Amino acid sequence: MRKTIAILLAVIGTWAPVSPARGEPAIRVAATLSSFADLVKQIGGDRVEVSTIAPPRFNPHFIEPRPSDVLKVKKADLLVHGGLDLEAWRGPLLDAAGNPDLFPGGKGELDLSRGIPLLEVPDRQLSRLDGDIHLFGNPHYWTSPENGRIMARAIAGKLSEIDPTHAEEYRKRLADFLTRLDGKIAEWKQLSSSVRGKEVIGYHNEWPYLMEFVGVKLEQFLEPKPGIPPSPKHLGFLENYMKERGIKVIIQPTYFPKSSSEVLARRTGATVVILCQSVKELPEASDYIAFVDYNVRQLVRALEGK
Amino acid sequence: MRLPIWILAFACALCTVPPVAALAETTNEEVAYELKEMKKALQVQNQLIQKQQAKIDELERRLETGAGSKVVYPEPALPEPTGARAPAPAGKGLGLPGQIGALLPEIGLVGDIVATTSEDAADTEGNDRISAREVELVVGSNVDPYSRFDASFAFSDFEETSLEEAYLTRWGLPWDLKARFGRFFPRVGKAASIHRDSLSTVDEPLVIRRYFGAEGFARSGADIGGTFQGPLSWVFEPSVGILEGGMGEGGTMFGTTRRRPTAYGHWKNYRDLSDSSGVELGFTGLIGSSDADPEFEVKTLGVDVTYLNAFTPTTKMKLQSELFVQQRDESFAIDPDTGETRQFDRHPWGAYALAEYRFAPQWAVGARADHVRLVDSAQSRHYDQGVSAFLTFYQSEWARWRLQFRHEERARDETDDNAVFLQGTFAIGTHKHQIQ
Numbered sequence: 104m105r106k107t108i109a110i111l112l113a114v115i116g117t118w119a120p121v122s123p124a125r126g127e128p129a130i131r132v133a134a135t136l137s138s139f140a141d142l143v144k145q146i147g148g149d150r151v152e153v154s155t156i157a158p159p160r161f162n163p164h165f166i167e168p169r170p171s172d173v174l175k176v177k178k179a180d181l182l183v184h185g186g187l188d189l190e191a192w193r194g195p196l197l198d199a200a201g202n203p204d205l206f207p208g209g210k211g212e213l214d215l216s217r218g219i220p221l222l223e224v225p226d227r228q229l230s231r232l233d234g235d236i237h238l239f240g241n242p243h244y245w246t247s248p249e250n251g252r253i254m255a256r257a258i259a260g261k262l263s264e265i266d267p268t269h270a271e272e273y274r275k276r277l278a279d280f281l282t283r284l285d286g287k288i289a290e291w292k293q294l295s296s297s298v299r300g301k302e303v304i305g306y307h308n309e310w311p312y313l314m315e316f317v318g319v320k321l322e323q324f325l326e327p328k329p330g331i332p333p334s335p336k337h338l339g340f341l342e343n344y345m346k347e348r349g350i351k352v353i354i355q356p357t358y359f360p361k362s363s364s365e366v367l368a369r370r371t372g373a374t375v376v377i378l379c380q381s382v383k384e385l386p387e388a389s390d391y392i393a394f395v396d397y398n399v400r401q402l403v404r405a406l407e408g409k
Numbered sequence: 011m012r013l014p015i016w017i018l019a020f021a022c023a024l025c026t027v028p029p030v031a032a033l034a035e036t037t038n039e040e041v042a043y044e045l046k047e048m049k050k051a052l053q054v055q056n057q058l059i060q061k062q063q064a065k066i067d068e069l070e071r072r073l074e075t076g077a078g079s080k081v082v083y084p085e086p087a088l089p090e091p092t093g094a095r096a097p098a099p100a101g102k103g104l105g106l107p108g109q110i111g112a113l114l115p116e117i118g119l120v121g122d123i124v125a126t127t128s129e130d131a132a133d134t135e136g137n138d139r140i141s142a143r144e145v146e147l148v149v150g151s152n153v154d155p156y157s158r159f160d161a162s163f164a165f166s167d168f169e170e171t172s173l174e175e176a177y178l179t180r181w182g183l184p185w186d187l188k189a190r191f192g193r194f195f196p197r198v199g200k201a202a203s204i205h206r207d208s209l210s211t212v213d214e215p216l217v218i219r220r221y222f223g224a225e226g227f228a229r230s231g232a233d234i235g236g237t238f239q240g241p242l243s244w245v246f247e248p249s250v251g252i253l254e255g256g257m258g259e260g261g262t263m264f265g266t267t268r269r270r271p272t273a274y275g276h277w278k279n280y281r282d283l284s285d286s287s288g289v290e291l292g293f294t295g296l297i298g299s300s301d302a303d304p305e306f307e308v309k310t311l312g313v314d315v316t317y318l319n320a321f322t323p324t325t326k327m328k329l330q331s332e333l334f335v336q337q338r339d340e341s342f343a344i345d346p347d348t349g350e351t352r353q354f355d356r357h358p359w360g361a362y363a364l365a366e367y368r369f370a371p372q373w374a375v376g377a378r379a380d381h382v383r384l385v386d387s388a389q390s391r392h393y394d395q396g397v398s399a400f401l402t403f404y405q406s407e408w409a410r411w412r413l414q415f416r417h418e419e420r421a422r423d424e425t426d427d428n429a430v431f432l433q434g435t436f437a438i439g440t441h442k443h444q445i446q
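Listed in order, the protein sequences are those of chains S and R.
Position 48 of the first sequence, counting from 1, maps to 151 under my numbering, and the rest follow consecutively.
Position 40 of the second sequence, counting from 1, maps to 50 under my numbering, and the rest follow consecutively.
In isolation and in its complexed conformation, chain S is listed as follows (with noise of 0.2 angstroms):
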């Protein structure tokens, strides 16, 4: 019996998440986007097994999480999320998996809204009249690579707090990763300084930390109110509009049907150009530079009509 019991103990031990460096056990870290994934595995290195949950091809606020997720929360040491009401499937999501570490304000949440300089905070009262509406201020703030920094310093000291013994490795691979994201940023700075000012259209509200790290004015969406499908209506407004400001760019994610932009950019003359939301949703987007990279390229790309 018990030569039993030890073999199941053994066979449950190969379950568990080991480092492969060291082989001691890796902190499980449940993200509920790739593009935080990314960046908790470039500050914790092989410390950490990262999982993801929202595949980064769908649009993160719709998400159905499933089973496989559900266990990936319950088994996490730390849920890192987009706070604020990005994820409306992140409450049903804790719920199943039960995890109460996870929970908010628990010693295994990290919530990386906090700290980041929201944009669009609602100075009035809202109601479903206004959409989808975001009640705590525009919620795609990891789109800025000037947020990318207190993310990563918030993931590095959560980091830190659940494994104080190697904080000095955190800290080191913070120190490389911000060195190399300032590198970039006064290069984007360099590059989106001919486009300052211009104007572009967007197909969902989900672009005003990148537009205001590049200058780029973003005031017109496809959709009439966020979440509300475009309208012919709304589509005849956006063609005059553009056609009076002479805007020739309208930009989208993956994940939105591309067929109105078309239509539109066929009645105006102007190019539709695919940005990504999230890390990996394009194989460009390889990880959180090459993201930030592709998106501001490909938008400086299109402004200078080349």
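Read the hints as simulated data drawn from the structure, not as lab findings.
Model, not experiment: these values are computed from the prediction.
Even for Gly, the Cβ is constructed at its ideal location relative to N, Cα and C.
Just to be clear, a hint being listed does not mean it is correct.
What the hints assert, rightly or not - Not the full set, but computed from the structure, chain S residues with beta-carbon under 10 angstroms of chain R: (1) R169; (2) P170; (3) L338; (4) G339; (5) F340.
Starting from the known structure of chain S, arrange chain R on it as the hints suggest.
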């Protein structure tokens, strides 16, 4: 005659002014020249602005990092993740001081309005009608760090108000198990265990209506379950529970008397096939009493299979089927007049198969086939069966319209019925869908 000096001056001025055409030509040239100069100046200004902006960006960056031209992070601080947030919006403009809202439960209201036209003369709810079939008030909140309480109340313009759910969920139990206590939808198969607004069709599948009741299978009781990693990337979700006896409205699987509790168990097996597709295989077992006499048992075995595939972010397919087979101890009736014993089907069964395809962000189509052998039926045709086809339009995230045609062949009087439904489902407030 001496002309006044001002007239002479005026004449001289006229002589020196070029003709109108010449004037226009000269002006256009000058304007063009000025425009060219202005464009040049503007270009210079823009270049200057860009240079200044680059300098400002660089200065801001230096200020933020506190470093010189070369950014170095010898000992980067690991700040607390709880940094300063932008102006806190909670309660702003709502007339509520910041955190009071956090103490209020989540409240949602789901309206299920159905217009029906049917041929069934025996339908007690009438034939051609529009009804507020169900307005569901959903309330829920965490009770403390260990538990959550959820309740839902169903209102209708045809039936009395009912308490659909009221249960406590307790997590953090040994082996990470979770328990529920109160009135809830037990994990019996798929369609019987979810709210109406989560169904793919206007009505429940026939096997659910005939065996479990017209509005699913909400019962009072307690259950316990958990999620575990199985081999070969399978996810296991076993659960067991004890429920009050009896059935939902019109259900025939168990007797109506709540004399003996019903025991149930469900084993859900799920496996991802890709990042956007998965397959689920579930087994359900139920044991309850067939009527007031608790000696007669009904044992039911259920099997459910679901395949989900989100081909693209806006197109997805669901294939689902469920089968329930009963074993009834009391499969006979004694005629009180003649004393004769009449035997019924001892192993009635029912099943459905459903296919749904969301082919565009706002549109989905689907079909369902039903067949169910009736419990204790004395009809020569002792089964009901039907087919349905439906079209769903998602007006927005919170409003949905569904048109459904249903053809049913019923054992009762061996009649057929054709019905058309137009359903509107609207949600306001906070409405969380449990993960299925």
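Taking the hints in turn, this is what the structure says about them:
The beta carbon of S/R169 is positioned within 10 angstroms of a beta carbon in chain R (closest approach about 6 angstroms), and the interface hint is therefore held. Using the Cβ-Cβ criterion of 10 angstroms, the hint placing S/P170 at the interface with chain R is satisfied: the shortest such distance is roughly 4 angstroms. Using the Cβ-Cβ criterion of 10 angstroms, the hint placing S/L338 at the interface with chain R is not satisfied: the shortest such distance is roughly 15 angstroms. Given the 10 angstroms rule on beta carbons, the hint for S/G339 is violated: about 20 angstroms separates it from the nearest Cβ of chain R.
Here the hint on S/F340 is broken, as its CB sits about 19 angstroms from the closest CB of chain R, past 10 angstroms.
The structure shown violates the earlier hints numbered 3, 4, 5.
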